[in-house]
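These protein sequence lines are chains A and B, in that order. Counting with my numbering, you get residues 1 to 84 for the letters of the first sequence. Counting with my numbering, you get residues 1 to 225 for the letters of the second sequence.
Hints were generated in silico from the structure; no laboratory data involved. Do not rely on the hints blindly, as some may be mistaken.
[Stated by the list, open to error] To be clear about the criterion: a stretch of chain B counts as covered by chain A if any three or more of its residues have a C-beta under 8 Å from a C-beta of chain A, and this derived list gives those stretches: (1) 102-109; (2) 164-178.
[Unchecked claim] Just the calculated beta-carbon pair ranges, DEER-fashion: (3) A:Leu83 to B:Tyr56: 22 to 28 Å; (4) B:Pro67 to A:Gly31: 52 to 58 Å; (5) A:Val40 to B:Asp28: 42 to 48 Å; (6) A:Thr65 to B:Asn170: 29 to 35 Å; (7) A:Ala16 to B:Gly70: 54 to 60 Å; (8) A:Thr29 to B:Asp28: 36 to 42 Å; (9) B:Arg118 to A:Gly20: 29 to 35 Å; (10) A:Met1 to B:Glu152: 36 to 42 Å; (11) B:Asp176 to A:Ala58: 51 to 57 Å; (12) B:Ala74 to A:Ala58: 25 to 31 Å.
[Unchecked claim] Heads up, incomplete: computed chain B residues facing chain A, CB under 8 Å, no partners named: (13) Arg58; (14) Ala61; (15) Glu94.
The C-beta atom is built at its ideal place from N, Cα and C for all residues, glycine as well.
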Amino acid sequence: MRFEVVVEVQLRPGIADPQGATIERALPTLGFDGVSTVKVGKCIRFDIEAPDEATARAEVDDLCTRFLTNPVIEDAQVRMTVLA
Amino acid sequence: MTRVGVVLFPGSNCEQDAIEALGDLGADARLVWHGDHSLGDVDAVVVPGGFAHGDYLRPGAIARFSPVMGAVSAFAAAGGPVVGICNGFQVLTEAGLLPGALQKNRGLKFLCTTVQVRVETSQSVLTSTTQVGATLRIPINHFEGNYTCSPETLAELRANDRIVLRYVENPNGSTDDIAGICNEARNVVGLMPHPERACHELLGSTDGRPLLRSLLDSAARQRAA
Numbered sequence: 001m002r003f004e005v006v007v008e009v010q011l012r013p014g015i016a017d018p019q020g021a022t023i024e025r026a027l028p029t030l031g032f033d034g035v036s037t038v039k040v041g042k043c044i045r046f047d048i049e050a051p052d053e054a055t056a057r058a059e060v061d062d063l064c065t066r067f068l069t070n071p072v073i074e075d076a077q078v079r080m081t082v083l084a
Numbered sequence: 001m002t003r004v005g006v007v008l009f010p011g012s013n014c015e016q017d018a019i020e021a022l023g024d025l026g027a028d029a030r031l032v033w034h035g036d037h038s039l040g041d042v043d044a045v046v047v048p049g050g051f052a053h054g055d056y057l058r059p060g061a062i063a064r065f066s067p068v069m070g071a072v073s074a075f076a077a078a079g080g081p082v083v084g085i086c087n088g089f090q091v092l093t094e095a096g097l098l099p100g101a102l103q104k105n106r107g108l109k110f111l112c113t114t115v116q117v118r119v120e121t122s123q124s125v126l127t128s129t130t131q132v133g134a135t136l137r138i139p140i141n142h143f144e145g146n147y148t149c150s151p152e153t154l155a156e157l158r159a160n161d162r163i164v165l166r167y168v169e170n171p172n173g174s175t176d177d178i179a180g181i182c183n184e185a186r187n188v189v190g191l192m193p194h195p196e197r198a199c200h201e202l203l204g205s206t207d208g209r210p211l212l213r214s215l216l217d218s219a220a221r222q223r224a225a
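Bound-form chain B, shown alone (with noise of 0.2 Å):
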């Protein structure tokens, strides 16, 4: 069985939305306190959304100081799969372990809705199983979604096809209507909107299970490597 590590930080709200959604995929999803220096047996880890140390400061700013990110980092230099979900996105930015960082939404509204994402490649621990082209339905819960990042940041994550996933229709500002990005080994994913939320008929979407899926089958080939 694929364990997963899901890090909860004080303030994180999303972590049993990912242990549920993960667990229905037959995964072994459990939490690891930010406090930890060790991950344990994980397989895969995700970074869940919600407002890590009270997003203080900035988002994600106090949170890549917590002990467990050190862990984190080692598992991700490793080649292990690492997601963060929104404000774990912003966790992965702020700890640099993606690029760029995420702004206030270009409207200045909190954005709580569905919007349809397009993948934009099927070559990242997320994507795997999915195809590119497909669009997928899923909700946002964000303040600071707008993908801020340098020309040369951008040139590189285009020309390295490290673009995840784009929105249909731009909901915050985004640069490039980036919804999610991955790093240069392909292993850690950072994306705003929230899969774990679309995993069940009743809560109107079952498109977040292929990028759930897809992560249970990256950390199944990573474990067997």
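Just chain A, with the same shape it has in the complex (with noise of 0.2 Å):
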């Protein structure tokens, strides 16, 4: 099977996140005065085979981990849709 996968990479809790602050400060300047809790991330997107979803979902937990997160300020959310 074939997945699509997107995986939204955020600052952990707790991790101060400086872009997200100056954006924040900004929005009021332009006029948008109801924003709050602004954070900035990544978000990564691929494809990937894999039997099933379980497996997939697996795999792609553990490239998260290794790889596309550093899980001592970072945490991901991944979504995955069927393909194929």
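Work from the hints to combine the two standalone chains into their complex.
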């Protein structure tokens, strides 16, 4: 099976996010007053081949822990959709 | 003559400064290509500053998978002195040779200036010939130098005297003003300041020399043992 994977990497709760804070401070000057808890992360997208969803999920989780995130400061949220 | 391997990744840019400064102190410093599986007959390893593999994904994230890192880990595990400077520090944390991580600077500015750091322990391969409490003027040059770790790691670093250098005035938001740390065995040190850029009067400071001299001293002792 083939899956499309979207990994959203975010700083873990409690880790300072100076980029998010800077964007949040800038918003009121542009007239956007109701925006709060801005966080900046990154989004990584790829396709993966695996015999079933559980195998794909396990591989993606491993890949996230060992490479795509630094678990000291980052968390990953994974979304998977079946392509074929 | 003490032999020092300076690891060259695609994107490293402080390797020649390190070789020059170590050579000035009497060492035989040579480049080790990141694609090599062996370090050769070196007595110490320096992972220099720069932007290894373009800092893509995260600083050090890809460098830790370079073939030479297996040899660096084995060398460190055998007690060999390893020092990671700036990007080299980031590489060593990503490789799991040192705890914690280097986050973006608190002020979101790339910092290129000379700072004062205080020697917090002389029990490390980088500070063995220095005095605790001595302040050194050494340049920093980084965007991601804000040392971050879990409260448990911080407690362990403090309890075991593993904070090697602290900033006198914290420039980047680093936890506990940390500028450099060492591993449990004290033979692997990572620091954000660049001692190799403070090794000649013409560069404005020679305060990096005692640090590099300590490294060479530690390497010579390790070889004798």
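**OP:** Go check the region 164-178 of chain B versus chain A for me, would you? Three or more residues, Cβ under 8 Å, otherwise it fails.
**Re:** It is violated, with 1 qualifying residues against the three required.
Original post:
Does 54 to 60 Å hold as the CB distance between Ala16 (chain A) and Gly70 (chain B), or does it fail?
Top reply: Violated - the Cβ-Cβ distance for Ala16 (chain A) and Gly70 (chain B), about 33 Å, lies outside 54 to 60 Å.
Original post:
For the hint on Glu94 (chain B), does the least C-beta distance to chain A fall short of 8 Å?
Top reply: Since chain A brings a Cβ to about 7 Å from Glu94 (chain B), closer than 8 Å, the hint holds.
Subject >> Outcome for the supplied range 52 to 58 Å, where the beta carbon pair is Pro67 (chain B) and Gly31 (chain A) >> reply: holds (53 Å)
**OP:** Starting from the range 51 to 57 Å, see whether the pair Asp176 (chain B) and Ala58 (chain A) falls in it by beta-carbon distance.
**Re:** At 37 Å between Cβs, range violated.
Subject >> Interface hint outcome for Ala61 (chain B) [beta carbon to chain A under 8 Å] >> reply: holds (7 Å)
Original post:
When you take the CB atoms of Arg118 (chain B) and Gly20 (chain A), is the distance between them in 29 to 35 Å?
Top reply: With a Cβ separation near 32 Å, Arg118 (chain B) and Gly20 (chain A) satisfy 29 to 35 Å, so the hint holds.
Original post:
Regarding the hint that Arg58 (chain B) lies at the interface with chain A, is the smallest CB-CB distance below 8 Å?
Top reply: Holds, because the Cβ-Cβ distance from Arg58 (chain B) to chain A comes to roughly 6 Å (cut-off 8 Å).
**OP:** With 36 to 42 Å as the target window, see if Thr29 (chain A) and Asp28 (chain B) comply at their CB atoms.
**Re:** violated (57 Å)
Original post:
Taking 22 to 28 Å as the hint, is the beta-carbon distance of Leu83 (chain A) and Tyr56 (chain B) inside that range?
Top reply: holds (26 Å)
Original post:
Does the hinted range 25 to 31 Å hold for Ala74 (chain B) and Ala58 (chain A) at CB?
Top reply: Given range 25 to 31 Å: holds, Cβ gap about 29 Å.
Original post:
At the C-beta level, are Met1 (chain A) and Glu152 (chain B) separated by a distance inside 36 to 42 Å?
Top reply: At 40 Å between Cβs, range holds.
Consistency note: the structure conflicts with the earlier hints numbered 2, 7, 8 and 11.
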